[in-house]
Amino acid sequence: MKLSTTTTVQGRGSGTLVPAGPGGISPDASAPGRGSGSRGTAGKRTAWLLAAVVVLAVVSAASLAIGARGLPLNTVWDALTNFNPEDGNHAVVIARIPRTVLGLLAGVALGLAGAAMQGVARNPLADPGILGLNAGAALAVVVGIYVFGIGSLTGYIWFAFIGAAAAAVVVYAIASRGRDGATPVKLALAGAALSAGLFSLMNVILVSSQDTLDRFRFWQVGSIGGRDWSVLLPALPFLAVGAVIVLGGGRVLNSLALGDDIARGLGQNVGLARGIMALGIVLLCGSATALAGPIGFLGLVIPHAVRLLTGPDYRWILPFSLVSAPILLITADIIGRVILLPGEVPAGIMTAIVGAPVFVWLIRRGKGAGL
Amino acid sequence: MAILNAKDLTLQYEQRKVVEGLSTEIPEGKVTMIVGANACGKSTLLRGLSRLLKPAGGAVTLDGKDIHTRPARELARTLGLLPQHPTAPDGITVRDLVGRGRYPHQGFFRSWSAADDAAVQRALEATDTFGLAERSIDELSGGQRQRVWIAMALAQETDVLLLDEPTTYLDLAHQVEVLDLVTDLNRSRGTTVAIVLHDLNLAARYADHVIAMKGGRIVAEGPAIDVVTEELVFNVFGLESRVVPDPISGTPLIVPIGRHHASPVSTNELEIAS
Amino acid sequence: MTALKSAPETAFDADTSPKHPDHLQLRRVLSPTFFLRPTFFLGLAVVVMFAVYVLLGSYTVTIPDFFTIVINHLTGGEKIPGASFIVMEHKLPRAVVGTMIGVAFGLAGALFQTMLRNPLASPDIIGISYGASAAAVTAIVIFGASGAVVSGAALGGALGVAAIIYAISRGGSGAGGGSRGNAAGNRLILAGVGIAAALHAVVNFLMTRADIRTAADALIWLNGSLNSATWDRAGVLAVSLLVLVPAVIALAGPLRILELGDDAAAGLGIKVNAARLGLVLTAVALAAVATAAAGPVAFVAFLAGPISRRIVRKPSLPASALTGALIVLLADFFASNIAPVILDGTVLPVGVITGALGAPFLLWLLVTSNRKEA
Numbered sequence: 144m145k146l147s148t149t150t151t152v153q154g155r156g157s158g159t160l161v162p163a164g165p166g167g168i169s170p171d172a173s174a175p176g177r178g179s180g181s182r183g184t185a186g187k188r189t190a191w192l193l194a195a196v197v198v199l200a201v202v203s204a205a206s207l208a209i210g211a212r213g214l215p216l217n218t219v220w221d222a223l224t225n226f227n228p229e230d231g232n233h234a235v236v237i238a239r240i241p242r243t244v245l246g247l248l249a250g251v252a253l254g255l256a257g258a259a260m261q262g263v264a265r266n267p268l269a270d271p272g273i274l275g276l277n278a279g280a281a282l283a284v285v286v287g288i289y290v291f292g293i294g295s296l297t298g299y300i301w302f303a304f305i306g307a308a309a310a311a312v313v314v315y316a317i318a319s320r321g322r323d324g325a326t327p328v329k330l331a332l333a334g335a336a337l338s339a340g341l342f343s344l345m346n347v348i349l350v351s352s353q354d355t356l357d358r359f360r361f362w363q364v365g366s367i368g369g370r371d372w373s374v375l376l377p378a379l380p381f382l383a384v385g386a387v388i389v390l391g392g393g394r395v396l397n398s399l400a401l402g403d404d405i406a407r408g409l410g411q412n413v414g415l416a417r418g419i420m421a422l423g424i425v426l427l428c429g430s431a432t433a434l435a436g437p438i439g440f441l442g443l444v445i446p447h448a449v450r451l452l453t454g455p456d457y458r459w460i461l462p463f464s465l466v467s468a469p470i471l472l473i474t475a476d477i478i479g480r481v482i483l484l485p486g487e488v489p490a491g492i493m494t495a496i497v498g499a500p501v502f503v504w505l506i507r508r509g510k511g512a513g514l
Numbered sequence: 080m081a082i083l084n085a086k087d088l089t090l091q092y093e094q095r096k097v098v099e100g101l102s103t104e105i106p107e108g109k110v111t112m113i114v115g116a117n118a119c120g121k122s123t124l125l126r127g128l129s130r131l132l133k134p135a136g137g138a139v140t141l142d143g144k145d146i147h148t149r150p151a152r153e154l155a156r157t158l159g160l161l162p163q164h165p166t167a168p169d170g171i172t173v174r175d176l177v178g179r180g181r182y183p184h185q186g187f188f189r190s191w192s193a194a195d196d197a198a199v200q201r202a203l204e205a206t207d208t209f210g211l212a213e214r215s216i217d218e219l220s221g222g223q224r225q226r227v228w229i230a231m232a233l234a235q236e237t238d239v240l241l242l243d244e245p246t247t248y249l250d251l252a253h254q255v256e257v258l259d260l261v262t263d264l265n266r267s268r269g270t271t272v273a274i275v276l277h278d279l280n281l282a283a284r285y286a287d288h289v290i291a292m293k294g295g296r297i298v299a300e301g302p303a304i305d306v307v308t309e310e311l312v313f314n315v316f317g318l319e320s321r322v323v324p325d326p327i328s329g330t331p332l333i334v335p336i337g338r339h340h341a342s343p344v345s346t347n348e349l350e351i352a353s
Numbered sequence: 002m003t004a005l006k007s008a009p010e011t012a013f014d015a016d017t018s019p020k021h022p023d024h025l026q027l028r029r030v031l032s033p034t035f036f037l038r039p040t041f042f043l044g045l046a047v048v049v050m051f052a053v054y055v056l057l058g059s060y061t062v063t064i065p066d067f068f069t070i071v072i073n074h075l076t077g078g079e080k081i082p083g084a085s086f087i088v089m090e091h092k093l094p095r096a097v098v099g100t101m102i103g104v105a106f107g108l109a110g111a112l113f114q115t116m117l118r119n120p121l122a123s124p125d126i127i128g129i130s131y132g133a134s135a136a137a138v139t140a141i142v143i144f145g146a147s148g149a150v151v152s153g154a155a156l157g158g159a160l161g162v163a164a165i166i167y168a169i170s171r172g173g174s175g176a177g178g179g180s181r182g183n184a185a186g187n188r189l190i191l192a193g194v195g196i197a198a199a200l201h202a203v204v205n206f207l208m209t210r211a212d213i214r215t216a217a218d219a220l221i222w223l224n225g226s227l228n229s230a231t232w233d234r235a236g237v238l239a240v241s242l243l244v245l246v247p248a249v250i251a252l253a254g255p256l257r258i259l260e261l262g263d264d265a266a267a268g269l270g271i272k273v274n275a276a277r278l279g280l281v282l283t284a285v286a287l288a289a290v291a292t293a294a295a296g297p298v299a300f301v302a303f304l305a306g307p308i309s310r311r312i313v314r315k316p317s318l319p320a321s322a323l324t325g326a327l328i329v330l331l332a333d334f335f336a337s338n339i340a341p342v343i344l345d346g347t348v349l350p351v352g353v354i355t356g357a358l359g360a361p362f363l364l365w366l367l368v369t370s371n372r373k374e375a
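Chains as they are written, first to last, in the working numbering: chain A, 144 to 514; chain B, 80 to 353; chain C, 2 to 375.
These are calculated hints, taken from the structure and not from any lab test. Predicted model, so just to flag it, every value in this text is computed and none were measured. Incorrect hints may appear among the rest.
Below, computed lysine-lysine pairings styled on DSSO-like, alpha-carbon distance capped at 30 Å [to be verified]:
| # | chain 1 | residue 1 | chain 2 | residue 2 |
| --- | --- | --- | --- | --- |
| 1 | B | 144 | B | 293 |
| 2 | B | 86 | B | 96 |
| 3 | B | 133 | C | 272 |
| 4 | C | 272 | B | 86 |
| 5 | B | 96 | C | 272 |
Can you build the whole structure from these sequences, using the hints too?
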């Protein structure tokens with residue numbers, strides 16, 4: 144059976160989805176030995192996954208230890224097991240726990256959401272920031288502050304959720320019109336254009352009300368510091384549900400990656416699958432943005448890095464992203480804590496600083512060129 | 080005079096050599112077909128011949144002069160190319176698009192003259208697109224659109240015309256129409272034509288000269304009747320076949336064998352079947 | 002043996018004179034006027050709007066008074082108290098700068114959209130504005146600068162980012178034979194979008210490092226405002242436009258050919274890389290100069306092209322320039338005169354208006370353009 148050369152053809156074994164030009168087969172750019180699911184490779188991958196989990200634990204511990212006041216690890220251990228309320232050092236450690244946990248949760252959410260988004264949109268450049276979700280959340284938060292006088296982070300959460308969801312729907316709907324559907328370029332442009340629009344609307348409010356600006360600019364930056372348990376807990380159920388939906392969708396994403404027509408031929412209900420995955424993505428992104436503000440590039444960079452190890456099989460990409468994203472986020476946060484003493488560079492900035500060059504590298508390698 | 084020559088030509092993309100040490104001449108005033116399997120380098124060769132791709136080694140000359148040393152616009156008056164995936168801006172009319180083919184003939188101040196009008200007119204009529212002249216190109220069918228692109232190449236009125244797979248996406252009737260048109264051009268104006276074509280039978284029928292490529296090298300060149308043989312088809316395409324004279328034009332006609340039709344049907348079996 | 006039927010009449014042997022000579026010539030005579038007409042009215046609208054802007058609004062000036070003021074200013078005659086100042090130091094420079102940045106943004110946007118073959122491309126979106134913003138906000142927040150220094154920083158930032166984006170889109174995996182002419186353009190868009198996102202993060206960060214007053218000032222700049230329009234600035238802008246506009250005119254021809262795809266353009270004798278480089282440089286310079294003068298006025302570059310297309314019914318650079326000027330003048334008139342009435346006295350920066358009105362328009366354009374893109 145010969146596939147028509149005008150439909151998207153999955154590159155053999157590579158993580159890119161580049162249409163083969165008509166009249167020629169594009170040379171296969173994948174590395175050898177990246178087949179999916181032979182017993183040996185599965186074993187190797189599990190080993191790597193466990194290694195990643197270990198790294199995560201180490202990084203988390205580091206997060207408790209490092210900061211404006213650097214503490215040795217045995218102090219950290221002490222504080223966790225033998226908490227002494229009188230000890231200033233212990234207090235510092237305890238204070239860092241919500242931050243670390245938030246880094247974990249937001250990282251998990253963004254990593255999973257990014258990977259799922261790339262699968263659903265069949266687009267290696269998907270990321271909540273680029274697709275306008277952050278702008279939607281931001282506008283909603285500003286409206287919340289200005290119109291409803293919301294001042295607390297718990298209050299922001301709901302607005303951020305709704306804003307992100309609405310933006311996602313609009314961007315995807317807009318980009319899918321036209322014959323070739325939601326191509327990477329159309330999605331990026333629709334996302335960027337919608338972001339620009341929403342930010343402008345946001346600015347109308349911010350320019351008129353300095354008070355709103357004052358409160359908003361700190362949320363806008365994307366940070367995991369300065370939050371406490373009262374913020375984390377409300378978002379938890381949404382995050383959990385989203386994570387379950389997405390984690391369970393590995394097979395679905397694999398078949399979606401082959402293109403709508405082929406997926407249907409394999410018995411997949413494409414519309415429903417996409418809808419459910421989108422729901423999971425929005426829950427995850429909404430929670431992450433609500434908790435930590437808009438953090439970009441994480442969802443973009445991690446799945447790509449992970450693919451180098453796992454190949455295009457989403458059943459592996461998802462768990463690896465789940466573990467790797469928090470590693471990056473917490474590390475970014477740690478660096479941010481020490482790089483600009485006595486102040487802090489919020490994690491959102493650090494991920495952007497790391498993410499942008501990687502994004503550029505991806506484009507140069509042609510991974511965005513599925514055009 | 081318009082003799083297009085490649086000497087020791089090496090063409091590559093990034094580090095990957097596609098064509099290496101290739102020498103050939105595109106015979107003047109004739110229709111040349113360049114054929115070969117997918118990814119054999121035929122499109123690359125055409126791009127190299129047309130100045131789109133700078134040679135990594137060797138040279139391409141037109142009338143003895145290296146094409147890369149000539150000013151682009153001057154070269155475009157003699158050597159024209161219709162690439163594989165031309166893009167048209169939104170909403171452009173047929174007449175406007177064909178008119179853009181006149182660019183190389185217009186001076187810096189881009190004055191549009193009666194000669195340009197006449198050239199556009201000729202091109203529209205030759206491709207039978209005059210009736211579509213005021214339509215927007217978005218509204219046309221694939222076959223019509225391809226004819227319009229050819230009209231644009233015709234309006235350029237060059238001595239040499241290179242066409243990269245001009246018949247992709249066209250149904251058989253339109254493929255024949257396009258090739259007939261190109262033949263007209265060659266017979267009446269003496270335009271040297273070189274076409275990359277994937278359909279070997281049509282190539283054999285319309286060619287005065289055939290260049291067969293494999294792996295970036297020329298494996299055979301010459302008149303179709305000499306080049307298109309069963310050994311060549313097997314060598315270049317890996318296909319077992321029979322080559323018989325085309326009942327209409329007498330040129331070689333390739334009849335592929337394949338796995339399910341390995342033994343030729345005898346006349347007895349034909350009678351029984353019908 | 003080739004079996005040619007006896008000399009068929011080829012299409013080229015047919016009578017080559019134009020089939021309908023009168024029809025053709027009539028069209029040619031008529032078409033320049035047809036083409037000019039909507040554009041001519043557009044130009045007229047700009048002049049009218051300019052006059053409205055200077056003469057009307059929260060402070061009105063009569064026409065005779067206006068001429069007296071200007072003539073006296075030039076000849077050193079007597080000033081009319083109050084009116085002279087307002088007109089010469091406030092309204093007129095604002096109108097002049099506003100018109101010029103409108104022209105510059107309009108042209109830059111139209112050039113980008115044509116070059117990148119996408120009606121949604123624009124310097125705002127592909128990061129050049131963010132380059133300017135990041136540099137300017139850095140200057141404001143970290144160096145406490147204002148005025149000309151900020152403008153200079155903005156210019157440098159815009160050009161720097163443009164250079165980076167261009168470098169990114171130039172290299173990368175070489176397109177295989179038969180690539181569509183769009184590949185480099187799309188890479189440029191994607192690179193721009195990514196860089197924009199990163200710079201946006203930087204800008205946000207800087208906004209948190211400043212005290213609220215400085216942050217508010219930075220926000221005004223970020224929105225694009227004509228508040229600091231002075232004659233000096235107008236002068237610099239005018240000189241830049243004197244260089245850049247002729248460049249646009251010279252490059253318009255190659256641009257029309259580049260629209261056909263890189264390969265076809267090369268076949269028609271265009272030096273593709275040189276032409277594209279020239280176009281990019283010119284478009285970026287236009288955007289950078291305008292941004293330096295008034296900040297990144299949202300959406301003007303983006304909207305001028307599509308709006309002018311709907312008015313003039315075909316893509317046209319002059320129409321885009323005029324539409325850009327019209328948008329800026331209209332928006333600032335609204336922002337300085339009408340908005341304060343609605344909003345209790347807050348004078349809004351022009352960018353907020355263009356942004357707020359631009360956003361719904363943008364969404365509508367997105368929806369309809371995608372439908373057309375089939």
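To see whether the hints hold, each was checked on the structure:
{"no.": "1", "hint": "B:144 / B:293", "in the structure": "holds (28 Å)"}
{"no.": "2", "hint": "B:86 / B:96", "in the structure": "holds (16 Å)"}
{"no.": "3", "hint": "B:133 / C:272", "in the structure": "holds (13 Å)"}
{"no.": "4", "hint": "C:272 / B:86", "in the structure": "holds (24 Å)"}
{"no.": "5", "hint": "B:96 / C:272", "in the structure": "holds (24 Å)"}
In the structure shown, no violation is registered for any of the earlier numbered hints.
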